[in-house]
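K.L.:
Residue numbers (the numbering used here): 1 to 397.
In short, the hints are calculated from the structure, not lab data. Among the hints, a few may not be true.
For lysine-lysine, the following BS3-like pairs were computed, each having C-alpha atoms within a straight-line distance of at most 30 Å [as the list claims (entries may be wrong)]:
1) 166 <-> 104
2) 119 <-> 78
3) 57 <-> 179
4) 312 <-> 74
5) 233 <-> 86
6) 146 <-> 337
7) 146 <-> 179
Label pairs and their computed distance ranges (CB to CB) [said to hold, decoys possible]:
8) 182 <-> 236: 32 to 40 Å
9) 320 <-> 193: 44 to 52 Å
10) 361 <-> 287: 38 to 46 Å
11) 338 <-> 192: 39 to 47 Å
12) 292 <-> 320: 21 to 29 Å
13) 132 <-> 226: 46 to 54 Å
14) 231 <-> 29: 51 to 59 Å
15) 134 <-> 235: 52 to 60 Å
16) 178 <-> 236: 45 to 53 Å
17) 158 <-> 223: 36 to 44 Å
18) 178 <-> 238: 36 to 44 Å
19) 89 <-> 359: 51 to 59 Å
20) 247 <-> 116: 45 to 53 Å
21) 258 <-> 29: 30 to 38 Å
As the structure is a prediction and not an experimental result, all values here were calculated from the model. The C-beta atom is built at its ideal place from N, Cα and C for all residues, glycine as well.
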Amino acid sequence: MNKKFVNFIVKRYLRFDKKHPFIYISFLLAFLGILTGVATLMIAMGIMNGMDKEFEKKLKVMNYPITVYSSLVKVDKKLLLYLEKKFPNYKYSPYIQTSAIIQKNGLNGVLVYGVDFEKERKINFVINDALKNIKNIGKFDVIVGKRLFEDIGLYPNEKVIMIFSKMTPIGFGVSPLMKKVKIRGYFNSGLVAYDKGIAYMNIQGLKIILNQDYYSGIHIWTPNPFKDIEKIKKILPPGVGIIGWWQQNGNFFAALKMEKRALFLVLMLIIIVASLNIISSLLMMIMSKRKEIALMISLGTTRTEIKRIFLKLGMIIGVLGIVSGAILGGIGIYILKNFDIIKLPADVYGVSRLPIDLSLVDFSLIIVGAFIIVLISSIYPAIKASKTDVLDTLRYE
Numbered sequence: 001m002n003k004k005f006v007n008f009i010v011k012r013y014l015r016f017d018k019k020h021p022f023i024y025i026s027f028l029l030a031f032l033g034i035l036t037g038v039a040t041l042m043i044a045m046g047i048m049n050g051m052d053k054e055f056e057k058k059l060k061v062m063n064y065p066i067t068v069y070s071s072l073v074k075v076d077k078k079l080l081l082y083l084e085k086k087f088p089n090y091k092y093s094p095y096i097q098t099s100a101i102i103q104k105n106g107l108n109g110v111l112v113y114g115v116d117f118e119k120e121r122k123i124n125f126v127i128n129d130a131l132k133n134i135k136n137i138g139k140f141d142v143i144v145g146k147r148l149f150e151d152i153g154l155y156p157n158e159k160v161i162m163i164f165s166k167m168t169p170i171g172f173g174v175s176p177l178m179k180k181v182k183i184r185g186y187f188n189s190g191l192v193a194y195d196k197g198i199a200y201m202n203i204q205g206l207k208i209i210l211n212q213d214y215y216s217g218i219h220i221w222t223p224n225p226f227k228d229i230e231k232i233k234k235i236l237p238p239g240v241g242i243i244g245w246w247q248q249n250g251n252f253f254a255a256l257k258m259e260k261r262a263l264f265l266v267l268m269l270i271i272i273v274a275s276l277n278i279i280s281s282l283l284m285m286i287m288s289k290r291k292e293i294a295l296m297i298s299l300g301t302t303r304t305e306i307k308r309i310f311l312k313l314g315m316i317i318g319v320l321g322i323v324s325g326a327i328l329g330g331i332g333i334y335i336l337k338n339f340d341i342i343k344l345p346a347d348v349y350g351v352s353r354l355p356i357d358l359s360l361v362d363f364s365l366i367i368v369g370a371f372i373i374v375l376i377s378s379i380y381p382a383i384k385a386s387k388t389d390v391l392d393t394l395r396y397e
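With these hints in hand, go ahead and build the complete structure from the sequences.
P.N.:
As structure tokens, then:
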């Protein structure tokens, strides 16, 4: 194969032809279509990934990587010490869980977690941030979510009545447990459901109030929860439950994954439509250059070389579109990531700035997918050109 000849003809055909301007307009539209498709896909997938990771980050914090909980068998201090001995590199935060009502400006229900704040702050950065300005947590001190703190008009170190769901006998009946507690401050997870419905209390104080010496469960941080959950499960006594954060929110993440796939396929249609312009442009060029093609073949040019010429023409247009689209998409991602062009309502999405994070896998899929579409679009016209009938073309045209 004569590569120099092929490259010479390709360069010649890429020049603007005044006799057939529509062919080059079609080439330009194909280039712009592929550019737009690749750039749009990159930005859209970056936003989807960013939102997924942001939601995952919030859910990981408030749901914890791994949770061991009381089921048929109660979780106690003995089990905690056993786990700490077996897996000393993991971080543990035992907790007691109960429901309660805070009495101020009405009744406001919350889910109360009794925790050791020093242990909790090591695995929960939201609580760690909340405790930066709070010192010396007392037995009956409570930290509530920011939304609840603001909605009912609480202020730091205010004392309120907390009514617990557990009943205590009184006379000939029962009465809910009530205790005056001190609101030391608030945490801010960025998710309204958590900031309005969860409160954290010193575990020692909650043990006294509920008269309970066992835990509701143990929150565990591990470097790789997907693998480590199986290690922990093997040594747990029968009757003790264990669950990972991804299992608690399986349906939510399955829906996000499906949405991401659907978006990828829909936006890939932009590139497919643009590739149709490559096919039509090459076919129009083949029709306008039939005499030249027939003459080249009659003078000794092989049909493989003819095929290579038009395949290369289509690939040049497509690859230029892909590269330009990748550059434009990268610029768009950089601008959206570093400048507050689009602001989000934090109480709805949990973040005020648009999160963008294009993974290497998604970027590779976009580039490879676009390249395959362009390649397939160039093959048919190239085959069509190589099958030009020399005798009929030279005789009648």
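K.L.:
Each of the hints needs a verdict: does it hold here or not?
P.N.:
Evaluation of the provided hints:
1. 166 <-> 104: holds (20 Å)
2. 119 <-> 78: holds (17 Å)
3. 57 <-> 179: Violated, at roughly 34 Å.
4. 312 <-> 74: Outside the cut-off at roughly 70 Å; violated.
5. 233 <-> 86: holds (12 Å)
6. 146 <-> 337: Holds, at roughly 27 Å.
7. 146 <-> 179: It holds: about 22 Å lies between the C-alpha atoms, which stays within 30 Å.
8. 182 <-> 236: 32 to 40 Å: Holds, at about 36 Å.
9. 320 <-> 193: 44 to 52 Å: holds (48 Å)
10. 361 <-> 287: 38 to 46 Å: holds (41 Å)
11. 338 <-> 192: 39 to 47 Å: At roughly 27 Å between Cβ atoms, residue 192 and residue 338 fall outside 39 to 47 Å, so the hint is violated.
12. 292 <-> 320: 21 to 29 Å: holds (24 Å)
13. 132 <-> 226: 46 to 54 Å: violated (31 Å)
14. 231 <-> 29: 51 to 59 Å: Taking Cβ atoms as reference, residue 231 and residue 29 lie about 57 Å apart, which means the hint holds.
15. 134 <-> 235: 52 to 60 Å: At roughly 36 Å between Cβ atoms, residue 235 and residue 134 fall outside 52 to 60 Å, so the hint is violated.
16. 178 <-> 236: 45 to 53 Å: This hint is violated: roughly 36 Å between Cβ atoms.
17. 158 <-> 223: 36 to 44 Å: holds (40 Å)
18. 178 <-> 238: 36 to 44 Å: Given a distance of about 38 Å, which is inside 36 to 44 Å, the answer is holds.
19. 89 <-> 359: 51 to 59 Å: Given about 28 Å between the Cβ atoms, the range is violated.
20. 247 <-> 116: 45 to 53 Å: 25 Å Cβ-Cβ, so the 45 to 53 Å window is violated.
21. 258 <-> 29: 30 to 38 Å: Because 33 Å falls inside the window, the suggested range holds.
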